[in-house]
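Chemist: Position chain B relative to chain A; hints supplied.
Sequences listed follow chains A and B, in order.
Residue numbering for the first sequence follows the numbering used here, starting at 1 and increasing by one per position.
Residue numbering for the second sequence follows the numbering used here, starting at 1 and increasing by one per position.
Note that these hints are calculated values from the structure, not bench results.
Positions of the beta carbon are idealized from the N, C-alpha and C atoms, including for glycine.
There could be a bad hint or two in this list.
With a cut-off of at most 27 angstroms between alpha-carbon atoms, the simulated BS3-like pairs for lysine-lysine come out as follows [stated by the list, open to error]:
| id | chain 1 | residue 1 | chain 2 | residue 2 |
| --- | --- | --- | --- | --- |
| 1 | A | LYS211 | B | LYS16 |
| 2 | B | LYS63 | B | LYS251 |
| 3 | A | LYS170 | A | LYS149 |
| 4 | A | LYS211 | A | LYS61 |
| 5 | A | LYS146 | B | LYS149 |
| 6 | A | LYS146 | A | LYS107 |
| 7 | B | LYS149 | A | LYS124 |
| 8 | A | LYS124 | A | LYS146 |
| 9 | A | LYS211 | A | LYS170 |
| 10 | B | LYS16 | A | LYS140 |
| 11 | B | LYS63 | A | LYS288 |
| 12 | A | LYS94 | A | LYS107 |
| 13 | A | LYS124 | A | LYS170 |
| 14 | A | LYS211 | B | LYS15 |
Just some of the chain A residues that point at chain B, by a computed CB distance under 8 angstroms [claimed, not checked]:
| id | residue |
| --- | --- |
| 15 | LEU29 |
| 16 | GLY51 |
| 17 | ILE203 |
| 18 | ASN221 |
| 19 | VAL232 |
| 20 | PRO277 |
| 21 | ILE281 |
| 22 | GLY334 |
| 23 | ALA337 |
| 24 | PRO363 |
| 25 | ILE385 |
Some chain B residues flagged as far from chain A (calculated, every beta-carbon gap over 10 angstroms) [claimed, not checked]:
| id | residue |
| --- | --- |
| 26 | PHE33 |
| 27 | PHE54 |
| 28 | ASP58 |
| 29 | PHE65 |
| 30 | LYS149 |
| 31 | GLY152 |
| 32 | GLU153 |
| 33 | PRO173 |
| 34 | TYR195 |
| 35 | ASN248 |
| 36 | PHE250 |
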Amino acid sequence: MNHSHYPKDDSFRVSLNGRYRIANLWQGLFFSALVIAILSLVALLYNVVDGAFGYVAYEYKHAPSEFTAKPLDQLNKQELLELLKTNLSSGAYKKLDNDKPMGERSKSVLVTLVLERLFQIDTKQTWSMTDSILHSNDIKAEVADKYPKAILEFRSWLTPVFLTTPMSSKAEFAGVRTAILGSLWMVGIAILFALPIGTGAAIYLQEYADKNFINRIIQTNINNLAGVPSIVYGMLGLAIFVRTFEGFTSGSMFGVTDSNGRTVLSAGLTMGTLVLPLIIINAQEAIKAVPDSLRQAAFGVGATRWQTVWHHVLPNALPGILTGSILAVSRAIGETAPLIVVGASTFISVDPSGPFSKFTALPIQIYQWTTRAQSEFHSIAASAIIVLLILLLTLNATAVLLRNRVQRKY
Amino acid sequence: MTYIASKMNQLDLSKKFRPGESLIQALLFLAGFLSIFITLAIVYELGKEAWLFFGNPDVTFAKFFGTTTWQPGIGHFGIWPLVTSTLITSLIAMVVSLPLGLAVALYLSEYASPKARSALKPILEILAGIPTVVYGYFALLFMTPLLQKIFGEGVGVYNMASAGIVMGIMILPLISSMSEDALSAVPRALREGAYAMGATKFETSIQVVLPAALSGIGAALIIGISRAVGETMIVAIAAGSGPNFTFNPFKAAETMTGHIARISGGDLSYNSIDYTSLFAIALMLFLVTLVLNLVSQAVINRFRQRYE
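Okay, chain A solo, but in the shape it has when bound (with noise of 0.2 angstroms):
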């Protein structure tokens, strides 16, 4: 036999060699790939929670002592009274009791009230949470040196009462109450207008529809739809929910008159529009899984194609449906560009009480927040994230839950 095409010394393992290296160097290179994505989340998180705990140096405007001989903590329900009464003007505490009776207050919303308005703390600087563990000396001699009269202390700015204050103009003060219920509002509008709307059209696309033109150009429109930029359904809301709608938007057609078309209504519409053709999409693959042979079953003895829909499709596809339309509600409720558009107002302390009010939302304030200057609203708006990715969290871990009973079953 002839050999001589094999070459003759061991070039052919040293060539083997080099492309196993090359083999080797890439698939390093996919792997950091992935360990960047995995670092940026890890930084991502940290960041966040970074911002959320740290040293803050701050004073009060007039010491305590200029108003109660004890320390604020070992005063009683009835002497806090007594002290917002005594030091507040009659009108500004006649305002706090038409809020809400000034008797009903817990005891901590009235210390906050103590330190908000009559010592008016001021900040002068904060600190990231790994600043403040590993510098901790260096800070507490910066703040001895600059700030000779603040108080430094270690400070978590997501706390229960951040969870259910009212928004405020201080940081300090802040929290999350009005945003939270007001995105609450909002999605609970956006769900009740998306989900049967969503779920009717996805019965028409799998059951019913034939392959004629319409139906495939409803089908193409709906993926388009998927891809449309957030903010131009904010435009779409702005203009026809905000302004042509405004009589029933603004709820003016209902008696109500102190408002615009600016209301939780019209960001709910808005929202639903948006995540409509996600709901559809998600209940056209849950249809799609029911199996065939329910439906000839149902056919076969008798029942309407109607009959069929709503006796044996619908059950079935049910769970996959929700799982759909809680992945819509946690993208509604992580939306911030057609709030902004539509206009969601900022500046917002009374809670939401219907349909017509002006409202503002979670990720409204972690943007108004981020974009502010001082470093206690970074803080703050850092605390609020965290909520918003516990909540988003808990939403998707149901969601998977679901899918995972659903998948066991067939």
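Modeler: Same frame as chain A, now just chain B:
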């Protein structure tokens, strides 16, 4: 026999008219048709206001495309500063997300064990589920200081580079999951064939699997661009607030989406030139993303390799 036959003749087997069924079908059709109506409403509303904007005697074609200052309130109508910053941030985002996303997809589909894959994919899904306003916070308070540390004084507090990089991280999961779908749709036989010829795993991935999945990856790229062009919050927070005609990525410049968000967030009177100009920008955005999405779908449908 004749008895059954006579009964059969009396049986009416033609389709019965059921008004309830027809009504339900009509309602369901309307629900489906609403999506068409939404598209028409977008085109009509954006088009109507944009028409008012371009109908304004001060706004000429030459000014719109020929000048580089955008301040509709005082008669400057050059769209370029908004367009260039949108292009620059999107370009940076794609430079970050395409290689990383593709590498992640290749690793997950060709190298990772099924167990590792099921552990790693949720991490990417978390990355995909984070709201864009949180990415904006990350860009402004992490990426910008980091860039300032690396590149020094030249990096502004607001800059396009930081917004673009973070936008790339945001789009990465989209690119990687779409590309991975395309890669794992390539049949095993192709890989086995390459191995049988003595190819290494890397050579198989790059020279056999990747070309076979190229249409899916192309579609992912186009969808990624469309997402980057339409992304609002990251650029609104981190890229700057004010149109600025510059090609320096470390300078602040407002994008089309960022401009809409900033102007519409303030007090805006209807029928002002500011108001109509926003709709003109939104219409451009809508058309650009629509074309990109359609092209992406066409690429998937046209070049899909059928292995059966």
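Chemist: If a hint holds in the structure, say so; if it does not, say that too.
Modeler: Structure-based check of all given hints:
This hinted pair checks out: A/LYS211 and B/LYS16 have alpha carbons roughly 23 angstroms apart, not beyond 27 angstroms. Annotation: proposed proximity of B/LYS63 to B/LYS251 holds, straight-line Cα distance about 25 angstroms (limit 27 angstroms). Pair hint A/LYS170 plus A/LYS149 holds up; C-alpha atoms about 20 angstroms apart against a cutoff of 27 angstroms. A distance of roughly 73 angstroms separates the Cα atoms of A/LYS211 and A/LYS61; the hinted pair therefore is violated under the 27 angstroms criterion.
Only pairs whose Cα atoms come within 27 angstroms are accepted, and A/LYS146 paired with B/LYS149 is accepted, the gap being roughly 26 angstroms. This hinted pair does not check out: A/LYS146 and A/LYS107 have alpha carbons roughly 34 angstroms apart, beyond 27 angstroms. Taking the CA atoms of B/LYS149 and A/LYS124, the gap is about 25 angstroms. The hint holds against a cut of 27 angstroms. Between the alpha carbons of A/LYS124 and A/LYS146 the distance comes to roughly 10 angstroms, so the proposed pair stays at or under 27 angstroms and holds.
Restraint check: the Cα-Cα separation between A/LYS211 and A/LYS170 comes to about 60 angstroms, which exceeds 27 angstroms; the hinted pair is violated. With a C-alpha separation of about 87 angstroms, the suggested pair B/LYS16 and A/LYS140 falls outside the 27 angstroms cut-off, and the hint is violated. Taking the CA atoms of B/LYS63 and A/LYS288, the gap is about 52 angstroms. The hint is violated against a cut of 27 angstroms. As the CA atoms of A/LYS94 and A/LYS107 are separated by approximately 18 angstroms, the hinted pair is consistent with the 27 angstroms bound.
With a C-alpha separation of about 13 angstroms, the suggested pairing of A/LYS124 with A/LYS170 holds against the 27 angstroms cut-off. The hinted pair formed by A/LYS211 and B/LYS15 meets the criterion: a straight-line CA distance of about 21 angstroms does not exceed 27 angstroms. Taken as an interface hint, A/LEU29 checks out: its beta carbon lies about 6 angstroms from the nearest beta carbon of chain B, inside 8 angstroms. Proximity of A/GLY51 to chain B holds as hinted, the smallest CB-CB distance being about 7 angstroms (cut-off 8 angstroms).
For the restraint placing A/ILE203 at the interface with chain B, the shortest Cβ-Cβ distance is roughly 6 angstroms, inside the 8 angstroms limit, so the hint holds. A least Cβ separation of about 5 angstroms between A/ASN221 and chain B falls short of the 8 angstroms threshold, and the interface hint therefore holds. Contact between A/VAL232 and chain B, as hinted, is supported at the beta carbon level, the nearest pair being about 5 angstroms apart and thus within 8 angstroms. The beta carbon of A/PRO277 is positioned within 8 angstroms of a beta carbon in chain B (closest approach about 7 angstroms), and the interface hint is therefore held.
Taking 8 angstroms as the C-beta contact cut-off toward chain B, the hint placing A/ILE281 at the interface is violated, the least distance being around 11 angstroms. Below 8 angstroms, beta-carbon pairs count as interface contacts, and A/GLY334 has one with chain B at about 3 angstroms; its hint therefore holds. Interface hint status for A/ALA337: upheld, as the beta-carbon distance to the closest one in chain B is roughly 4 angstroms, under 8 angstroms. With its C-beta approaching chain B no nearer than about 5 angstroms, A/PRO363 sits inside the 8 angstroms limit, and its interface hint holds.
Given hint, A/ILE385 at the interface with chain B, holds; its Cβ is 5 angstroms from that chain's nearest Cβ, closer than 8 angstroms. Non-interface status of B/PHE33 relative to chain A is broken: a Cβ of that chain comes within 10 angstroms, the nearest being about 7 angstroms off. The claim that B/PHE54 is not at the interface with chain A holds, since no C-beta of that chain comes within 10 angstroms of its own (minimum 16 angstroms). Against chain A, the non-interface label of B/ASP58 holds: every CB pair exceeds 10 angstroms, the least being about 22 angstroms.
No Cβ of chain A comes within 10 angstroms of the Cβ of B/PHE65; the nearest lies about 22 angstroms off, and the non-interface call holds. The beta carbon of B/LYS149 sits about 14 angstroms from the closest Cβ of chain A, which is more than 10 angstroms, so the claim that it is off the interface holds. Under the 10 angstroms C-beta cut-off, the non-interface status given to B/GLY152 relative to chain A holds; the minimum distance is some 21 angstroms. Every CB of chain A lies more than 10 angstroms from the CB of B/GLU153, the least distance being 19 angstroms, so the non-interface label holds.
In this structure B/PRO173 is not separated from chain A by more than 10 angstroms, as the shortest Cβ-Cβ distance comes to only about 8 angstroms. Taking the minimum C-beta to C-beta distance to chain A, about 12 angstroms, the non-interface status of B/TYR195 holds against the 10 angstroms cut. The Cβ of B/ASN248 lies farther than 10 angstroms from every Cβ of chain A, with a closest approach of about 22 angstroms, so its non-interface assignment holds. With a cut of 10 angstroms on Cβ distances, B/PHE250 stays outside the contact zone with chain A, its closest approach being about 20 angstroms.
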